[in-house]
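Asks: Here is what each chain is made of, one letter per residue.
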Amino acid sequence: MELDDRITLAGAEGVDLDVVLAGLTSRVGAALLDLALQVVALLGLTALGGLFGDAGVVIVAVGGFMVMMAYPVVAEAYAGGQTVGKRALGLTVVSIDGTPVSFLAATVRNVLRVIDILPGTYLVGAVAIFFSARNQRVGDIAARTLVIQKRRAGADTPTMSVGAGLGWSTNGSSVPVATAGLVGVEHWDLSGVTAEEVAAARTFLARRAALDPAHRASLAQTLALQLLPKVAGVPLDGGPEVFLERVVAARSR
Amino acid sequence: MSAQIGTGPMMASQGVGGGGRAPGTLGEFVAVGEPGWNRAADLAGRARGRVQRLNAAEVRELGRLYRQVVADLAYARQRFASDPVTVKLESLARDVRPLVYGSVVQRDSMIRFVATGYWRRVAERPVFLVVAAVLLFAPMVGVGFWTHGSPDRAAQVAQVSELSAGVGEGGFRDPDTDKVTDTGTNAGFSASIFTNNARVALVAYAGGVTGGVVTIISLMFNGLVIGLVAGLAVSSGNGVALWRLIIPHGVLELSLIVVSGAAGLRTGWALLRPGHRSRVEALATEGRAGIEMALGSALLLVPTGLVEGFVTPRGLSLGPALAVGGGLGVLYWSLVWWRGRLGGDR
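Chains as they are written, first to last, in the working numbering: chain C, 1 to 253; chain L, 1 to 346.
Be aware that one or more of the hints could be misleading.
Claimed, not checked - Derived list of chain L stretches under chain C, where covered just means 3 residues or more per stretch with a C-beta under 8 Å from a C-beta of chain C:
no., stretch
1, 48-62
2, 65-74
3, 143-152
4, 272-286
The hints are simulated quantities; they were obtained by calculation from the structure and are not laboratory data. The C-beta atom is built at its ideal place from N, Cα and C for all residues, glycine as well.
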């Protein structure tokens, strides 16, 4: 994550939040996906228009305008800052202070697309994204908008369960540890374990389900060996992961 | 979830309930905070980016929960830095914040825009209207007279551009669409004229971010083409027929192109002479004003297109054509003068 472009948004409560800016590749991906959808819609409109004679010309002209111009504006202003392509890649348009983008701002950035797209290959936009401090293309600069990474699709479940981060409330196998595994906990000595080490162990426990089994085992081993000399009294039966669960559970009690 | 202030661990610790103490361990912190966090996540999920999807009580609850989440986050950053709980709270705060602080679009803002906002924008900086008009009409008149004087060479030049090619051979072509105008009423024709003109208007505006260069080129080019077409028609003795085909819609159409050009020039000028603002700031402010001018003009191109598709092809004689075209033009500019000067101090 540290490789991402981040900016800090100040909040009214005095608590700053970081947002991750979208990179060129994901933005190109979203744009291509939207373009593909628009082309399909235009083909559909043309086929439909062919059935209606003179009225068909109206359908093609007005519908084409809607698909190419109105669709991105309406999607960004009224559908949470996301066109279909941006939604698929987890991108969102927000105004520069992190609030949702307004209709006029969405119009500005989409009308100015005709400049960013010059000379037909988005060269102007790409150069602007590379050289602007906040990955903005020309339309973003004029509209005061940012394109940010929301959540990578599937990386996190949309509903949050903070308990899952503790490694005991969702993972069935570890639930008994929290209760039965803590027998004799009052005799354990964990005072040598730093908060950073607990955080590392907890981060591992929260993410272990997504790890490759071999890596998962070696990571658990490494973390457990680091903690082993600093604790006393913690039973070692059950392997490194159960050991880590016990340390974390005891420290979080 | 109770809906009273001070439900989170931090609120509780500040003694709202009296005699509370800061949560000592991570387990306590999560146990106290989690119901509220989950409720906030649930509400944010149901709002799906628009706070209007929640009812009034839920909106108020979300506001309270957000402040709780942020307070908990501040505490967690100190006590449990780099812990998964902190990461999750950050992501939750990021999700909820736009719902709490986003401005809800006023339903009457559109009405206000149509009634006064647009006209005020147009009237605001008249100097750009004058410059845009000169950029459009000077080449038009100049080329018109040159063409009238040497029609043979002009006819050759006309072949260079698709827009004016074929003028003087057979039927008249509409300078906007290169389509041979027939006398049937034609809805499809209206629609394609509208989209074409709307594109011209929006490009004239967008050219502003090039410092106005693209806007200037676009205005002058459109002026040249119209001048060429008009000059050739007049010199081949079709002048009156051409005026009858241009004037009913043309006065308003060219007015709107001038206004869109002025929007682009205004945006471009902000880049060249930002004054006491930073360039980016000036571009954002004037670009916002400019898009209102261009957007309103693009909308007004709908009735213009309808006139061009339905009224113009009836082949009005010169008098009625002047009445329709002049009437629309006078109506537009009096609205600019009347609605635009209201509350000049803004």
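Asks: Taking 8 Å as the C-beta cutoff, is the stated coverage of the stretch 143-152 of chain L by chain C satisfied by three or more residues?
Replies: violated (count 0)
Asks: Tell me if chain C covers the stretch 48-62 of chain L under the three-residue, 8 Å CB rule, please?
Replies: holds (count 3)
Asks: Given as covered by chain C, does the stretch 65-74 of chain L meet the bar of three residues or more with CB within less than 8 Å?
Replies: Per the Cβ count (5), the hint holds.
Asks: Apply the coverage criterion to the stretch 272-286 of chain L and chain C: a residue qualifies when its Cβ sits closer than 8 Å to a Cβ of the chain, and three qualifying residues are needed.
Replies: holds (count 3)
Consistency with the previously given hints fails for number 3 only.
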